[in-house]
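Protein sequence lines correspond, in order, to chains H and B. Taking this note's numbering, the leading residue of the first sequence gets 1, the next gets one more, and so forth. Taking this note's numbering, the leading residue of the second sequence gets 1001, the next gets one more, and so forth.
These are computed hints drawn from the structure, not numbers from a lab. In this text, all values refer to a predicted model and were calculated from it rather than measured experimentally. Treat the hints with caution; some may be incorrect.
Chain H regions said to be covered by chain B (calculated; three or more residues, Cβ under 8 angstroms) [unchecked claim]:
1. 11 to 22
2. 37 to 48
3. 53 to 63
4. 105 to 112
Ideal placement from N, C-alpha and C gives every residue a C-beta, glycine not left out.
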Amino acid sequence: DAGVTQSPTHLIKTRGQQVTLRCSPKSGHDTVSWYQQALGQGPQFIFQYYEEEERQRGNFPDRFSGHQFPNYSSELNVNALLLGDSALYLCASAVRELDEQYFGPGTRLTVT
Amino acid sequence: AQKVTQAQTEISVVEKEDVTLDCVYETRDTTYYLFWYKQPPSGELVFLIRRNSFDEQNEISGRYSWNFQKSTSSFNFTITASQVVDSAVYFCALKNRGFQKLVFGTGTRLLVSP
């Protein structure tokens, strides 16, 4: 049973560019959440997707957007990258009615 | 507002010592859930335990035990007879009922030396 997978593992981008990160949830899970983890900090909630709609959003600007596909996989898009967007981006999946979220290995984004 | 505080930034112990990681939370909700996650150097967050606000029974799982006290808004985590493989960053997190958003503390880095 595959767990949560994310791609790519690492990414280097230049300021002003756009990036797309991908996540496949654990088998049987229908909800995907995205978190940003800056170095030395705890993960910060970006948003959550369920039934292909954004259901809850954290305190992140509109430059951060997402999408969920019919197979429950999800993408995180970040436009107009800033140096401060450099972080580990974590995807978590869950079954809607349950409370335990399972995390993927993350994508390390470096903005230069 | 929700908040999780992990006052211990880093703890260093020698193998076989017991260690307790502290977690204090704030929430206005009466129904909530508390979690502990482990983050090894690989970066992936590993789920350890979930506790419901209406269940204050302490739990033991092998070398791990958790002490949940609503009166002091604390959810502490104890590792008995620590091992080198326990070295990681440990996060305490809080979630309200009906929402998926997890609010994390800043984490405690545990270093276990041989």
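For each hint, the structure was consulted:
no. : hint       : result
1   : 11 to 22   : violated (count 0)
2   : 37 to 48   : holds (count 7)
3   : 53 to 63   : holds (count 3)
4   : 105 to 112 : holds (count 3)
Comparing the model with each numbered hint stated earlier shows that hint 1 is the single one that does not hold.
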